[in-house]
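Count the sequence shown with full-length UniProt numbering and you get residues 1 to 44, in order.
Derived by calculation from the structure, the hints in this document are not laboratory data.
Treat the hints with care, since some could be wrong.
[Said to hold, decoys possible] Straight line, CA to CA, 25 Å or less: simulated DSS-like cross-link-like pairs of lysine-lysine:
(1) Lys23 - Lys4
(2) Lys25 - Lys4
(3) Lys23 - Lys42
(4) Lys42 - Lys4
(5) Lys2 - Lys23
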Amino acid sequence: MKTKKERLDVLLVERGLAETREKAKRAVMAGLVFSNESRLDKPG
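Kindly generate the complete structure, drawing on both the sequences and the hints.
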């Protein structure tokens with residue numbers, strides 16, 4: 001069974017960590033988003 005993938009930029013907006021998807025995407029592409037000490041660099 002496949003797990004549902006969710007866009008990182010959408011997740012950041014839903015959780016209130018970014019105001020817009022565009023700002024979330026910029027933060028991800030700039031290397032400012034981490035999970036468990038790993039840098040996440042793909043917004044989609």
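Open item on the list: Flag every earlier hint the structure violates by its number, smallest first.
Closed with: 5
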